[in-house]
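Student: Residues per chain, in single letters:
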Amino acid sequence: MPSTAALVSQAFNGLALGSLLALVASGLTIILGTLGVLNFAHGALFAVGAYTAFVMMQATHSFVLALLGGCAVMLIIGFAMERLVIRHFYARPDEDQILVTYGIGIVLVEALRAWFGGNSQRVPVPSWGTGATKLGFMVYPTYRLQLIGIVAALLVGLYLVLYRTSVGLVVRAGIENAGMVGILGIDVRRTFLFVFAVGIVAVGLAGMLYAPVVAVTPDMGATFMVQSFVVIVLGGLGSFPGAVIGGLIAGEIISLTSAFDSAYSEVMLYGLMALVLVARPQGLFGTEGRV
Amino acid sequence: MLFDRRKLLLGGAAGLILPGLARGALAQGAPLSPAQIGTFPDGVSADSVFVGLNMPLTGVFSGDGSDLKLGYELAIAQINAGGAIPAAWGLKGKGVLGRQIRYKVADTEGKPNVAVQAATQFVQRDKAILFQGSVSSAEAIALEELASRDKVLYMVGIAGSNDVTGKNCQRYGFRSQQNAYMAAKALAPVVAKALGKKLKAAFLVPDYTYGQTVYDSFAKFTKEQGWTQVLKETVPLGTADYSSALLNIANSGADVFINICFGSDAVASTKQAEQFGILSSMKLVVPNLSSFQDKEVGPELMQGVYGSCDFWWTIQDRYPLAKTFVETFSEKNKYKPRWGAHIGYMQTYLWALSVERAGGFNPVDVIKVMEASKSQPYESTVGRVYFRAEDHQMVRPIPILKGKAPSAMKGPEDFYEVIDVVDGESVMNPPDLFGCKLGSYT
Amino acid sequence: MRRLDPRSFLPELALLAVLAAAPLLLPPLGFSHDLLSRALNWALFGLGLDILFGLAGLLSFGQAAFYGMGGFVAAYLLVSGTIQSVWLALLVGTAAAGVLGLAVGWLAVRRIGIYFAMITLAFGQMAYFIENSPLSDYTGGENGIAGVPVPVLGFGAYAVRITAGLPMYALLAAAFFLGFVLARRIARSPVGLILKAVKENTGRVAMLGHDVPAYKLAAFTVAALYAGLAGAMLGPFQSYMPPDAFALETSGQLVVQTIVGGVGTLVGPLVGAALWLWLRDNLQLIPGFGPLWKLVLGLAFIGLVMGLRRGICGEILHRWRIRRDAARLSAAQARTEAIEAGAVAVPAVAEDVALPMPRPAIDGRDAEAEIAIEARGLARHYGGLKAVDGVSFLVRRGSIHAVIGPNGAGKSTLFKMLSDEVAPSAGEVLLFGQRLTGAGVTRAAQRGVAKSNQLNQLFLGLTVRENLRVAALARARGRFRLDLLLPGAGRPEVEAQIAAMLRLLDLSERAETPASVLAYGEKRRLEIGMALATSPNVLLLDEPLAGMSPSERVATCALIRRIGRSCTVVLVEHDLDAVFGLAQRITVLSEGRLLADGPSEAVRRDPAVQKAYLGAVQDDAAHAGEAVHEPA
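Top to bottom, those sequences are chains H, X and B.
The numbering of the first sequence is this note's numbering, which starts it at 1 and goes up by one.
The numbering of the second sequence is this note's numbering, which starts it at 292 and goes up by one.
The numbering of the third sequence is this note's numbering, which starts it at 734 and goes up by one.
Same shape as in the complex, but just chain H:
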């Protein structure tokens, strides 16, 4: 049995891990909820975000500028994807959307590989985030501490956009009933374009913020995508609070299991998912009837 201090440390770490998953999953979930599209290219876009940070860092030597530039790039990619491909799939079955985004994922990953090669790229921790901070009961990387704050701020920002603006109202109404929004004469297409791009920026930002932490390789996104799927199943389809809480729960599961045996952290995560499916198939925050 691990010590209390170890458990507390892991619980804290779970928060950090979970906040990242929450960001990745919320990008996935607002696209899913509003547009009804499950974006299988989400993992690839996470990698694209990280590589964008890499390129921007080399160009600007400033992490903040890299983030801003990266957001612009992700926004453009999001617009392009929606206009060129996704738009033609709203009226088609869910499965077609899954297939086409899966194809886009392959193409993006291989394009990264063709461009940058298979070896990992280095994105340094920003100068204000180096070193480790003593938190009394443990030592924790400064950058990760900051990440919790940054991600929390981003999630709050996303919340405000979704719940406190007129666009957000349309988005949430769209989640409830896309057809009805169209009947009301609101230009759903522009809203959809906006929402898709926001979702892509969210996952891209997650990739950028995590680039200094993980190995930046073309295949880096796969794990995060699968985990964000689990988060969505836990939290409930299209639910923004579900994605956030689901992300935190997933982070805690992974981290707390590690206090006992890290090898089982992933398996435990899937185990929890199975449990939720049995007990509450619509997810913790999902509404009944939506499948």
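Derived from the structure by calculation, the hints contain no laboratory data.
From the three backbone atoms N, C-alpha and C, an ideal C-beta is built for every residue, glycine too.
One should not assume that every hint holds.
As the list claims (entries may be wrong) - Now the in silico label distances, taken between C-beta atoms and shown as ranges:
no., chain 1, residue 1, chain 2, residue 2, range
1, B, 1033, X, 519, 35 to 45 Å
2, X, 383, B, 1019, 27 to 37 Å
3, B, 1110, H, 169, 33 to 43 Å
4, H, 165, B, 1021, 47 to 57 Å
5, H, 165, B, 1033, 57 to 67 Å
6, B, 1021, H, 127, 40 to 50 Å
7, B, 1340, H, 241, 31 to 41 Å
8, X, 388, B, 1021, 51 to 61 Å
Fit chains X and B to the known structure of chain H by using the hints.
Tutor: Chains X and B alone, transformed into the frame defined by chain H:
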């Protein structure tokens, strides 16, 4: 020679059910080898032979795969061109026995299944006389199996697991890289001498067979040096975030952090370890340094790291063949060759040498030459080497490296100092330790 | 034994010819025997996915779990020496995959579409992790299992080892052929038809009384068995069982290949696999191309999903069918246009309603019950909104009973509670004195409560006959039956029921017409007919006259009256003239509450009813003329 080839063949062939092709040859009395076996002699034309190259060009191992590919291609180009470089290895004229090497490269995506698929195509379609390459033990094991089934020679690329020349060893497979046991046994005394005898060690072990093998070997040999293990953190393969495991390691009070992760796992875990302050409070030992870890992690983090490697380019100061290799390779490809490139380069030459020694491409003859190489070792890029007859593991020197501080680097790729080159003979496992049983020649 | 049409075996014979000719003709094009064998292994694996996705519409991204399970169980048993016979090991491996399929499927079929894909993908990853770490002592972890023996045919001196090359090709071809024959029978069985219907409209299949999750689970398990067998054969095929059998990319590649080949065609997986493997081999050989092969194939895949959405075989088959059916279809369309233009006289319902198939028995002491349906204090709240609030009424057996009320009165919600589609927040429904509420819509249907919907819920891709067959099969076979190998049209009582329904609905001429092509009035009739084809005790009709022309209304009213002679009918309708003409008793709702309940005449004179209706009468009058009704 230590033993008579003829006796060995007869001994090896006794009691075996032979495929129809070989039967005629043996019936004649005591020929050295079957006249027809595998792709021999179909795959040997008057002026050329075909060699198949398998390596991951996509997927998580694609970085090492590309390096490996360049090594093969350089060696083949040099051998085909002839001249001073192949002559220095002991080859005569252009090509191998006057035949040019044709080759194709197949992407295995790092999947053994695809590797088998690609290699089978080389054998069936191209009548390959040899196929080479792998960037994981799994690929190597799968391809060895195929080689022995189809009776075509296979030279393992990058693969560290003991099983490759242990329980999964095959008559038709040869490995030039050291195994996990050798690496650990070579490295442990050197680091113990450098860092101290009574240290507490924390291990980060990727949870797959290779990781566990390296852990077992390294834990055993560091224990013999007086180290105690205070923590073993096992993490799933391909983990992106190691924070939970590193948190435990950071709080373990260990003196040494032994990171067994490989490839991009090693990059991510090392970066994160630094962020947890582990690298400033503990010494980092990486039993097997991955090919591009230096560059991917950066010298700031890699300084002071101890590890073993197949090859490091500054070793060229010790071996003339290595010098030629490093120079020609970096001239052509604009970077210093790594582990993969070296394996590919070296073993292509060793095969060509063995063919010339055997006087033909018959795989049985070539295998026997390689098995007999202890008595007639090869001069190579890492000095004098030979293949063990019992398990086809190369007995070879192992470089022990230490990461240089950025200020001490004499060039952009001068990441390591070669602190020792451990003699291979002294670190070999007993040939039967990992249950090797080579199959029949025919 | 039924008459066998040799033409119906044409696909099998053609496949046999192709499989026999391929190893002779294709190698010069770069299809070596190994590549063909591999394609066959993928194709066998893909047949399962084709049944799951092509037939039932369930897209799984976790098939690798079953492929790996079958493969590793078989390989472990053989290499460890637990089992000597390769054949037995194949069987055990397949069965193990089936068991895993049952377990994963039990969880996964709770959700469809997007969710289903995510869940299967996540479970696939879980299997991969478990194989790689906790079970690595058995699976060899990332190294896989080497030295898997090849199967031996015959005994002793006559034993023939099925070695790599042609013999192994023959074995894999035989396995694929049998798999294909089996898959085709499954597709044409009642289960196959029901799965097709599930793909078209899951909700309606459940309303007709089929246990949808059980059928989906069956499809999932069948797919897992196919994957397991293919996986189990992989080890002996290359004397090595690769760990990447479990990888996510294996599932992905399978999906891609099957889509490229054409889903729902059963040969698509083979064509897709052969093409994909061939392209991947040959693209790499283009000088300077190397690792770009995957990028190019990825782009090609996107193009295919956008443009040729049916895949190669699917597209060919589709065009061929269009040509074959062109005349029939245009004739059907012409008739539809004629009906909609009012050029075809609306037929009078000539016969009495006598359905060949028996209604579900009402057991024991309730057999004589006077009351067919009793609603007791039914309420349904959506958040703060009380759609239905404490409604009680009785429906007499053998009567026609109407529920009316202004828009928003809660009629549709009430109806959904009567058929147990929607669970009440409070109260219960009794059917012949037995509690119905809580059983779910499928059990309710099996107990004889059928419902036709306000908005048509037909299986648009199926023919009229097939639509009715799905309905009738629910009565004939019960909630669930695994008659995978019986022909779909193999039950005489079902066929008789369909024939009777076709006559009753005056759709005999349209029997082979896809439901999508029907005229609106015909679709409405079919909607009602499907409910009736289940031989119900109680028929619930939700706005049966919605959108009909005046002459169609008359005909439909006559039909309902006839149905009412042998079956209890409850209907919701806006057309008050029709309601007063049809119903013996009427229940009036207003704002979710019971306003009045009684004999038709009494309700008509009820001042409260008049008052409630006056308020909404303009509204309602406007409504009656529209083609599509908003939910009430």
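Student: Determine for every hint whether it applies to the structure shown.
Tutor: Going down the list of hints, with the structure as the test:
Restraint check, residue 1033 of chain B to residue 519 of chain X: a C-beta distance of roughly 57 Å breaks the suggested window 35 to 45 Å. About 34 Å separates the C-beta atoms of residue 383 of chain X and residue 1019 of chain B, a value consistent with the hinted range of 27 to 37 Å. Residue 1110 of chain B and residue 169 of chain H have their C-beta atoms about 37 Å apart, which keeps the hinted 33 to 43 Å range intact. At about 51 Å, the CB distance of residue 165 of chain H to residue 1021 of chain B agrees with the hint of 47 to 57 Å.
The hinted window of 57 to 67 Å between residue 165 of chain H and residue 1033 of chain B is violated, with their beta carbons roughly 41 Å apart. Between residue 1021 of chain B and residue 127 of chain H the C-beta distance comes to about 41 Å, which sits within the given range of 40 to 50 Å. As the Cβ distance of residue 1340 of chain B to residue 241 of chain H is approximately 50 Å, the hint placing it in 31 to 41 Å is violated. Our hint of 51 to 61 Å for residue 388 of chain X and residue 1021 of chain B is violated, since their Cβ atoms are close to 30 Å apart.
Violated hints, listed in ascending order, are 1, 5, 7 and 8; each of the other numbered hints is respected by the structure.
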